[in-house]
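**Student:** Letter by letter, the chains look like this.
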Amino acid sequence: MKGRIVGVLVLLVWGIVKLPIETGMTRARNADRFHGFAQTASLREQAGQAGVIAVFGGLRSTVADLLWIRAHIAWQSVEWGRMKYLFDVVTALQPQRVNFWDMAAWHMAWNASVAAERDETVPEFQRLKNKEDYHKLGEDFLLRGISANPDSWELYDRLGGLYRDKFQDHYKAHLAYKEAALRPDRLEYVDRFAVYELADSPGHEKEAYEQLLALYNRGKQEWLPTLLKKLQLMEIKLGVPPEQRVYIPPESRHSADK
Amino acid sequence: MSDAAAPSAPSSPVHRMFSLGRIAALAGNTLRDLIRQKVFYFMLVFALILIGASLVLVSLSFQGEIQTLKDVGLGAISVFTMLLAVLSSAMLLPKDIEDRTLYTILAKPVTRFEYLLGKLSGVIAMLATATVLMTACFCGVLLLWQGRAIDNIEMNYPVDMKAESVAAATASPDSTAPQTRRELEIQKLESETFNGSLFGAIAILLLRAAVCAAVTLMVSCFATSWLFTVVAAFMMILIGHIVPIARDAWQAQAGMGGELAIHIKLLLMGITVFCPDMQLFNLVDDIAVGKIIPMEVFMQTTALGFGYLAIYVFVGYLFFAWREL
Amino acid sequence: MHDSDGFCDKSAHRNGKNANNGRYGRYGRYGNYVFPIILIIPLPPIKRCTLRRTPSNFTHDIPPVSRKIPSHQNPVSSTPAISIQSLTKEFKSPSLFQRGSITAVKNLSLNVEAGSVYGLLGPNGSGKSTTMKIVLGLVAPTSGRTFIFGRDSRDVDSREAVGFLPENPYFYKFLTGEETLHFYGKLCGLRGNKLKNRSKELLELVGLTDAAHRRVGGYSKGMLQRIGLAQALVQEPRLLVLDEPTAGVDPVGSRDIRDLILELKQRGITVMLCSHLLGQVQEICDRIGIMHRGELVREGALDELISIENQTEFVLENATPELLKELRVKVEASGARVVGQHKPQQNLERYFLDVTNDPKK
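Protein chains in written order, with the working numbering: chain A, 8 to 265; chain B, 26 to 350; chain C, 45 to 405.
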């Protein structure tokens with residue numbers, strides 16, 4: 008008994024000593040977003056969270072993968088509701104997998120919304136509403152994904168595409184692409200897309216023209232057809248005098264190169 | 026002090042209280058005993074099959090194949106090392122007591138501390154062996170998949186397709202950045218498949234398994250049945266996975282004056298203080314998505330792990346030292 | 045075959061061998077056929093042995109054959125091998141609902157002199173094993189102290205001088221006999237060639253050279269006892285503690301183990317053994333202690349304890365039946381040769397039962 012009492016006391020002392028150490032380590036990892044489970048309030052509010060962590064400690068990612076496969080199967084069965092539920096669980100289990108958020112948003116905002124729009128079993132006004140709801144679900148997945156992975160340029164890129172293609176909100180798309188352009192390891196096209204979307208946003212023509220010019224002045228490698236077309240449109244919209252225009256019509260380009 | 030005088034002691038060589046040789050002898054014997062058990066082979070073969078089967082799972086997955094491979098492989102290593110640690114440690118002491126080999130060992134000039142340390146060292150050696158084997162299989166699967174993926178890339182991307190490279194405007198002329206799309210994709214694939222952090226995370230898994238073994242051995246030092254040891258150890262380890270939540274809840278309540286009932290607060294405090302925080306040893310979920318473990322994180326986790334090992338061995342010794350054999 | 049009560053060492057007759065140096069004494073192979081003359085001092089009737097059991101028990105004008113090793117072969121150290129001082133051990137009741145404790149050993153004090161063979165006897169539950177475990181430091185005493193060659197037995201270094209063979213020992217079944225000795229040798233600090241040579245030597249001593257490379261899991265009971273003895277001897281201990289060394293062993297193996305113990309004694313090794321085979325104890329022990337219900341009820345030299353003080357035996361050679369009759373009155377004048385004289389001994393088992401006063405028996 009004596010040994011047991013002393014042993015329990017040692018465990019108690021160790022528990023008190025390790026408390027600040029473990030707290031500090033956990034906080035540092037959460038701050039660095041290093042640990043998969045950032046202790047956000049929304050995560051903790053989920054009823055089964057403690058159970059998930061307890062059982063899946065070390066198996067979290069594996070279970071996420073298995074549920075991901077099930078979500079893919081649900082897609083083949085066109086079970087949008089089940090897919091949404093599975094995507095919620097998968098992204099909760101492994102919030103640092105960018106492609107989970109990306110694919111979840113894609114399925115909701117593109118596939119499910121189109122299916123809802125074409126669903127003839129419901130009245131038309133309901134179809135439109137359902138379509139918009141799925142767009143918002145897609146947006147929600149991307150925003151949550153960005154919150155869990157703030158350094159991910161891909162999610163900002165997808166968000167930009169979502170605003171451009173589904174919400175037709177070019178200014179929001181511009182902001183999303185602009186954020187993507189600030190992230191490391193992004194692909195170059197996001198820089199251009201940020202400018203293109205600004206050009207398509209009403210009320211921002213001057214700013215857009217300046218940025219288009221800046222791109223143009225980088226050199227011939229940037230003189231892609233979309234850039235040239237938007238530059239031309241901006242110059243016409245803004246009424247830039249011809250002698251100040253930088254856009255070279257195609258028929259004059261060869262002579263300019265010479 | 027007794028009135029009766031102790032008989033005069035004859036001179037003899039001084040006994041070393043701590044001998045690595047004795048510990049090594051016990052460890053070697055324990056390792057031999059464990060690796061010849063059929064359950065070890067069954068579990069190891071099962072783990073290897075599961076790792077190999079991840080290639081099949083990958084074919085069912087939709088994008089993110091490399092993450093799926095890593096998740097399944099690392100998950101198998103994680104689970105099986107933990108299972109092996111608990112099940113093999115639980116039987117050590119009860120078996121020796123039942124067979125009375127413990128008496129013959131402790132009747133030699135072997136301290137109980139050396140005995141425990143030797144047994145634990147043997148278990149850790151077995152876990153290291155199993156981890157190396159599973160890691161080798163896992164790396165083989167990754168290499169196999171990587172080879173196939175590279176073949177696919179070479180098929181899909183022409184040799185001269187220019188890479189949409191990152192920040193090309195700022196790249197210096199003599200930079201070693203990939204110039205073609207094919208090179209970029211292959212480089213990305215290789216960096217995703219293998220990196221130093223992968224092996225670091227596996228090393229931390231081994232350390233976690235060692236902590237599980239130490240917990241189990243500590244419990245077996247006072248438990249009277251094997252079943253109780255296994256159940257108690259598994260409970261302690263599973264509860265260890267929710268220690269961060271319990272700790273945050275307890276600290277939050279303590280700071281705010283507390284809305285929780287007193288028994289809930291005591292429970293949260295008990296979990297926080299007495300159970301190991303197993304989540305701190307779980308780096309594989311982050312490795313699978315391609316994160317790099319900073320050296321600082323690795324060193325801190327390793328130091329914490331060794332701290333746990335030392336404490337559990339010491340407490341186990343305290344329980345064992347006073348145990349009537 | 046051994047007669048378990050010690051009477052009539054018939055194996056000695058059958059084999060015709062002098063298996064133990066001086067067993068037959070000077071009376072030779074047929075000494076048992078000489079009818080002893082018993083001079084009985086009137087006392088309450090005690091069952092007498094009518095056949096001579098061992099010649100060494102005779103007292104006569106020729107110095108008796110002593111089981112003890114002559115002093116020049118056995119330099120007895122002044123430090124006792126085992127010294128137990130006022131030892132008490134109480135075990136708390138394991139039941140949560142039952143208070144109190146069980147006293148396994150009660151105020152036990154005894155010394156085992158170096159170089160002797162000491163038998164600790166007692167019925168089951170008398171505290172023998174508990175005493176042994178305390179001496180070996182496996183169990184902590186409630187009060188009192190125990191010493192091994194002057195060192196407190198709670199100190200680990202005291203065990204450098206001790207070899208222990210528990211009752212019904214098991215060893216790691218996957219190890220061979222040789223590997224078992226290597227394992228225990230390493231625990232005692234032996235290494236390399238020294239360990240290998242020692243293992244070979246011990247395997248030869250216990251007669252297991254042929255089985256050295258067989259797994260211990262395949263050993264018979266007798267072989268297990270032998271390998272147990274070998275591991276107890278691996279570090280060349282000065283004290284050997286044996287708990288039922290011949291329990292469950294066939295008579296041949298049992299005799300071999302007994303002979304081995306005697307040989308070890310001749311080498312100066314102190315032996316403390318517990319055994320229920322009182323005949324064997326009687327043959328090899330110099331001193332015995334009998335425990336009953338945790339207390340030492342009798343202790344002393346075997347010869348003194350089991351001798352019947354008020355009786356003397358004479359051994360005559362070539363005595364006629366008429367002479368035997370007349371010897372009651374005039375022994376000396378009959379013309380018969382007084383071959384030997386001894387105090388008749390009752391059976392040790394009888395003595396043991398009387399002392400412990402077990403009603404069942």
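These are calculated hints, taken from the structure and not from any lab test.
One or more of the hints may lead you astray.
Covered, in the sense of this in silico footprint (three residues per stretch, anywhere, with C-beta under 8 Å from a C-beta of chain A), are these stretches of chain B [said to hold, decoys possible]:
hint, region
1, 108-114
2, 324-332
Selected chain B positions facing chain A (Cβ under 7 Å, derived; list incomplete) [claimed, not checked]:
hint, residue
3, F43
4, D124
5, V298
A quick note: this is a predicted structure, and the numbers were derived from the prediction, not measured.
Built from N, CA and C at the ideal position, the CB exists for glycine as well.
**Student:** A separate judgement is required for each hint: does it hold in the structure or not?
**Tutor:** Here is what the structure says about each hint:
| no. | hint | in the structure |
| --- | --- | --- |
| 1 | 108-114 | violated (count 0) |
| 2 | 324-332 | holds (count 4) |
| 3 | F43 | 20 Å, violated |
| 4 | D124 | 23 Å, violated |
| 5 | V298 | 3 Å, holds |
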